[in-house]
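Chains as they are written, first to last, in our numbering: chain A, 8 to 123; chain B, 237 to 458; chain C, 3 to 911.
By construction, these hints were calculated from the structure, which means they are not laboratory data.
Please note: incorrect hints may appear among the correct ones.
Stated by the list, open to error - Here are the simulated BS3-like pairs of lysine-lysine, each with C-alpha atoms no more than 25 Å apart in a straight line:
(1) A/K119 x B/K253
(2) A/K71 x B/K253
(3) A/K120 x B/K253
This structure is a prediction, so every number in the text was calculated from the model and none was measured.
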Amino acid sequence: MRLQYPSDIKIIFVPCTGKVDVLHILRAFEKGADGVCVVGCLEGDCHFISGNFRARKRVEQVQKILDTIGIGGERAQMYNLSSGEGPRFAQFAIEMDERIRKLGPNPMKLAKKKAA
Amino acid sequence: MIVADKKPIEEIIEEIKNHEKILILGCNECVTVCEAGGKKEVGVMASALRMYFLNQGQEVKIDEKTLERQCDHEYLEEIRDVMDQYDAVVSLACGVGVQFMAEKYHTTPIYPGVNTCFLGVTEERGVWTERCQACGECILARTGGICPVSRCAKRLLNGPCGGATKGKCEINKELDCAWQLIIDRLKALGKMDDYEKITPIKDWSTERAGGPRKVVREDVQQ
Amino acid sequence: MVNHPRYIDPVKCTGCGECAMHCPVAAINEINKGLDDRRAAYIEYPQAVPLAYAIDFDACIGCGLCENMCMAKAIKYDDTERETAVKVGSVILSTGSQAYDPSDLDYLGYGKYPNVVTSEGFERILCAGGPYLGHVMRPLDREEPKSIAWLQCIGSRDINRCGNGYCSSVCCMYAIKEAMIAKEHIHADVDCAIFNMDMRTFGKDYEKYFLRARDNEDIRFVKARAHTITEIPETGDLILQYADEAGQMKEEIFSMVVLSVGLKIPDSSVDLARRLRIELNKYNFVNTGSFTPVATSRPGIYTCGVFQGPKDIPGSITEASAAACLAGTDVAEARGEDIEVIEIPEEMDVTKEEPRIGVFVCNCGINIGGIVDVTSVQEYAGTLPYVVFTDQNLFTCSQDTQDKIKEIVIEHKLNRVVVASCTPKTHEGMFMDTLEACGLNKYLFEMANIRNQCSWVHPNNPTAATEKSKDLVRMAVARVATLKSLHEKKIPVNQRALIIGGGVAGMNAALSLADQGFPVTIVEKEEKLGGMANRLTTTIEGADVEIYLEELIQKVTSHPQVEVLPRSLIVNFSGFQGNFTTEILVGPGMYERKIDHGVVILATGAVEYRPKEFLYGQDQRVVTQIELSERLKEKGAQDLNRVVMIQCIGSRNKENPNCSKVCCQSAIKNALHIKKLQPDAQIFILYRDIRTYGFLEDYYTEARKLGVLFFRFNSEDPPVVESSEAGVMVTFKDNILDRSLRVSADLLALSSGMVAEDTEELASIVKLARTEDGYFMEDHVKLKPVDMATEGIFVCGTAHSPKLLPESIAQALAAASRATTYLSKDQLTLSAVTAWVNPELCASCLICVRSCPYGVPVINEDGISEIDEALCHGCGVCAAECPAKAIELNWYEDNQILSKVDALLEGVL
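The following block holds chain A by itself, in its conformation from the complex (with noise of 0.2 Å):
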């Protein structure tokens, strides 16, 4: 359909939202991403039956861990579509754009900067 969505968002192909582990999340954020959004089939419409609803817990849980030390839960999110719906996937990555650019950069980047 080739809509257009902003750059900064990169996929990381896996077979289903359900192989995406809460270690790999956070690995994302250590390492300094800005967001992380995980795209999931449709709640119900699992390829592999409920993998999605496993991924949404995960992400749950990571939104928690960056809460509580300070990095900010919203910059976790799971989204849910169709494979079907193109358009969805551009709102998505637009929206989380958006959300992120709201939020400003991982404050880790910062806090490296003055330590620096």
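Dock chains B and C against chain A, hints included.
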């Protein structure tokens, strides 16, 4: 299994904030099974702590390691070579592991990373309940395989108290009355006669009340 | 068979292009519709197979330059026609169509005014490999057009100028598509207007596309057929003259006009049919029957695609499978003979080698190269760890590039390959085959999708698109370095097919498989087979559905290989391709049956929508079209003097935006029937667009000839229906008179659409994706129209989307054909992407056992979790949940995923 629950990260941060080189140490036994202190939880906590300190502008080294068990010398010895690299350890093992680590590595502070809760079972994933209090003198043979020491709030040994209503405990309506369970089971086993037998006063000296305990078995001693 | 001479030996030709580069002769480039030139030595288009040059002898001057230049000695000026004979059991005619040539329609100015192009020409203009490299320009001055008009039905629905009375079925959709892409490609605002008589967006979810074009992309749809185009000589702009719906003369100026030309059968196909003694219809398409949609008049010869009738890609692919089914059934006994096995060289063991990565960056014509700076991406790739070779190609997917990659892998001893190009969804398999062909394990491969994720989606920011491409390449290189060789497992196949639904589609699929010797079980929820067809009387062509159905049921129930389970309900489903198990409650006793089978065909069908509109159910004189057919059969039409029909009931509205495809022809079928029984009856059909696609258009024409009156209404201004003793009073607007008309009808027929059968429970038991309106969702709307996403499960008939009987039958045969590709094998090759447990780390905690959605992991005798690779679906939930991190999913191991995270964020902190 020893059931433990995760400690809030804030609490751990508070404990270790003055250290600079920290090892997060997991245990691949009970705490792995109850999803509180295995390799994965070590990773989650380590990652969260690294981010926290970085964000605070504090340079803190946080490493991860998971041992097969923290209640055996040999496994604890595996980290002897690296222990001098750390000025603190957060052990995600149960209280046993934390203490054994502390005994072994006398000069390094060891902090608990989980709250050790009880000896229990997994009812379903994410739900654990208590079954045993390690009293040192098992009476399950007489109580239909249901333990009044751990499951009766009052640890009564000769039938329920007057507070039990409709099979539930008076301290919590969700909680089954252990004696109701015992009676039901004895009935099912056709051993209600056992219920009539008076259990003599239990020797609590083998329980925690008798002070720290010790088991020595010469047959297996080397 | 006659092979025409190519004058260049396709076996010797390496496709290097030296001949074309040195050829001094320019010839018209037919593929680009004459918008540019090619040489006399040429390749028709870059995706051609074989990718070998040929000489256009009509243009060639015989100078001998190419012969001198050709290092492969492939030039053969004395090449001659060759005749060969092949003995075959069946023949499939799929010669396709050509576009209608509008040169003779002088009022359009095609050939006279450069800025009037055909839709084919415009398609080439939009194409990256086309004459303008994908930049939308008008031919006259190579300026970007400010406004473009599409004129529909050029060479279709036109008995006045060209005698093509049929509708070409595809032009409405492609015109919308061209307009959408033009809007996307042209950077400035462009006005796109589609001049049409009816918008025929009747396919699955097509109406939604039309609505998106109209409501979100501001594409204009004008109800008119332009009668004259004149050029303004000074500007090259074109004046379009037409009469609007009210009959007013209108004029509009456009910078460019696209003629939406229809589909036509080429003379060569007509000749071929004559030689093969195949009957053609009056428009030269193959004559096929209502119930035998892909069989020609001659046994053993089948047809598919546009030669059968005008149709789009999914329809053609479906029919292709259907024709293959029948052709295969004829020769089923000989299956397995004359098989050529592709030899794969022995795999090199690279496990101990340090990674040596080759990165191939694709320009994809200008699809990538037009936006992304491919050279800088290639140079960047060369700086990455373990990368020992980089290259860029115009089309990395072309056959000659595959050969080149093979040579490079061997020459540079590469043991990992990254291709930065398009989507792995379409091309991963091909590149993996290439790896295999050079003895490299095919899993030592990674794609960076710099087309779909960079150039296509960030066309306005080439710098960002280039930087992102570099990021994606860095990530791909990081991951490929961590990959390990993987090997696929082979499993046996159960040869039974389970067919869910015993309607016309299900029964046809069952018979096709049974006739090829595969055992079949049909699960039908009703007592009686036949489904919705039980309510149908005849097809619009006049074929008797009742007799057909009776015979079909007879054949199915008496076939020794078919077992029918009526009044049955599926309660459980498990297994995988080739090895499914389904638990069924079989009526009337509802006893439980467990059936093992290798494939599933979904044929659950649809039902007629039960109207809530227009007094249906309140006034007995308001009926549906199916009810009307039944009534006409039972009671005739003597009492019907005035009948009104209203189209799009339960379709094309808010609740169901899609078109039900069949209702226009149902209305016309019934109108014709009434006219036949009662010639004086007045019939009013109130419609929004008449969608009598293909040859159905003839019946629309016939109905108008017989005096059936058609009135178009807008969805915002629908007819008003009131009940009165005299009749059903219908008030609607006449566009020409521009006033309301009121008709008192003896009968109001509502053309109610189709609604998918309720398959919610089935979909959840079998884990099947459905569209919003409850139709099963195929794996790919264009390219895999009968396969479901789960391997070994297929869909056909109205369970897929609303369709007519012949189309349901064709799709049923297609589903059977696709199923045969599984059932005819002794064993299937399974995915290597499965989970495995590291026993050293496993704490036997049971969390994998509890979290696997398919119940695959078990704790084995050694007290360690074990995952059966034949059962594992490869979702990776267990790996993510494992608290001991003892489980890895092949090809997506934690370090393999994290390598991408780390590479992406390298240097950020």
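Status of each hint after checking the structure:
Note on A/K119 and B/K253: the hinted pairing holds, with a Cα-Cα distance of about 18 Å set against a maximum of 25 Å. A distance of roughly 20 Å separates the Cα atoms of A/K71 and B/K253; the hinted pair therefore holds under the 25 Å criterion. Using a Cα cut-off of 25 Å, the hinted pair A/K120 and B/K253 holds, with the two alpha carbons roughly 21 Å apart.
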